[in-house]
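**Q** Chains as they are written, first to last, in numbering that gives the first Met the number 0: chain A, 0 to 160; chain B, 0 to 120.
Read the hints as simulated data drawn from the structure, not as lab findings.
27 Å max Cα-Cα, derived DSSO-like pairs, lysine-lysine:
| # | chain 1 | residue 1 | chain 2 | residue 2 |
| --- | --- | --- | --- | --- |
| 1 | B | K108 | A | K17 |
| 2 | B | K26 | A | K72 |
| 3 | B | K18 | B | K75 |
| 4 | A | K72 | B | K108 |
| 5 | B | K101 | A | K17 |
| 6 | A | K27 | A | K2 |
| 7 | B | K101 | A | K3 |
From chain B, some residues computed to sit far from chain A (all C-beta separations above 10 Å):
| # | residue |
| --- | --- |
| 8 | E39 |
| 9 | E73 |
| 10 | I77 |
| 11 | L100 |
| 12 | D117 |
Quick reminder that beta carbons are idealized off the backbone N, C-alpha and C, glycines included.
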Amino acid sequence: MYKKLMDVFVNSTESILKEMADIDIIKKSAPFTIEEDFNSFGVSSTITFAGNNSTKGRFIIDISESLALEIVKNILSQNVDNIKERLALSCISEMNNTIAGDANTYINNNFNLGLRLAPPIVFAGKNIKVANAKLESVNVVCETSFGNMNVNIGFTGGEVI
Amino acid sequence: MKKILIVDDSLMIHTMLKKTLENQGYKVCGEAKNGKEGIELFESCGPDIIFMDITMPVMDGIEATKIIREKNKEVKIIMLTAMGDDEICCKSIGAGVDLFLKKPFNAQKILNAILEIDKVG
Numbered sequence: 000m001y002k003k004l005m006d007v008f009v010n011s012t013e014s015i016l017k018e019m020a021d022i023d024i025i026k027k028s029a030p031f032t033i034e035e036d037f038n039s040f041g042v043s044s045t046i047t048f049a050g051n052n053s054t055k056g057r058f059i060i061d062i063s064e065s066l067a068l069e070i071v072k073n074i075l076s077q078n079v080d081n082i083k084e085r086l087a088l089s090c091i092s093e094m095n096n097t098i099a100g101d102a103n104t105y106i107n108n109n110f111n112l113g114l115r116l117a118p119p120i121v122f123a124g125k126n127i128k129v130a131n132a133k134l135e136s137v138n139v140v141c142e143t144s145f146g147n148m149n150v151n152i153g154f155t156g157g158e159v160i
Numbered sequence: 000m001k002k003i004l005i006v007d008d009s010l011m012i013h014t015m016l017k018k019t020l021e022n023q024g025y026k027v028c029g030e031a032k033n034g035k036e037g038i039e040l041f042e043s044c045g046p047d048i049i050f051m052d053i054t055m056p057v058m059d060g061i062e063a064t065k066i067i068r069e070k071n072k073e074v075k076i077i078m079l080t081a082m083g084d085d086e087i088c089c090k091s092i093g094a095g096v097d098l099f100l101k102k103p104f105n106a107q108k109i110l111n112a113i114l115e116i117d118k119v120g
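Next comes chain A alone, as it looks inside the complex:
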């Protein structure tokens, strides 16, 4: 189940990152399960969704600060010094929304789950732990020329696929 879903989200991440920010993912880890907390690379955006048969899920992109700054620079065509600026965080949040929208559209059209997105949240800081309370998730670490990125999804409830 998770393998199929993970592939959808990783493919969407790869294509949207390229289209929005012109950045390539050059290497990906194999998917691995995370049952507890994990250390953030520095900038995280989370989006939740829910659909038919009590299916619920959440999708996290967790990005190193250097990669986040490059993404923001490329999207806005201007340099941003501080990733904590509202406009910079908005870019990361919007990218998360766009990736999740793209992936959920594919899932809805192919698996009829009727998933709907909630607005994303985003935060940035050093030594932050992302708590995975009550939800086992699957993670893929993506490498780019500008830094690393975790792609993390968790689903619960219903027969997903």
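Mind docking chain B on chain A? Use the hints.
**A** Leaving out everything else, chain B in the frame of chain A:
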């Protein structure tokens, strides 16, 4: 000069749309962060075109579109969406949306959408 209202909860989308539209000579007459604010600004600024997001807090874009359509049949509404599945498309068209603009988009896609909507009349 065409007047445009932007309704979206993303600062990035506001910044990108406003920059692109004003560079091309359009007037952004209002900027709203959710559907409810969008309806209020629609009344006060009288736009020719509305760029409307779907997923927003307080009131979503489909609900806001329905309410605006009850008041005005002429204004053109371009739906900005990260989701493009069949159900969303049907609901949006039923609410009175004229055109979809799928995220992500760039300046060229924004301007093409305006040209396309002009052709529809």
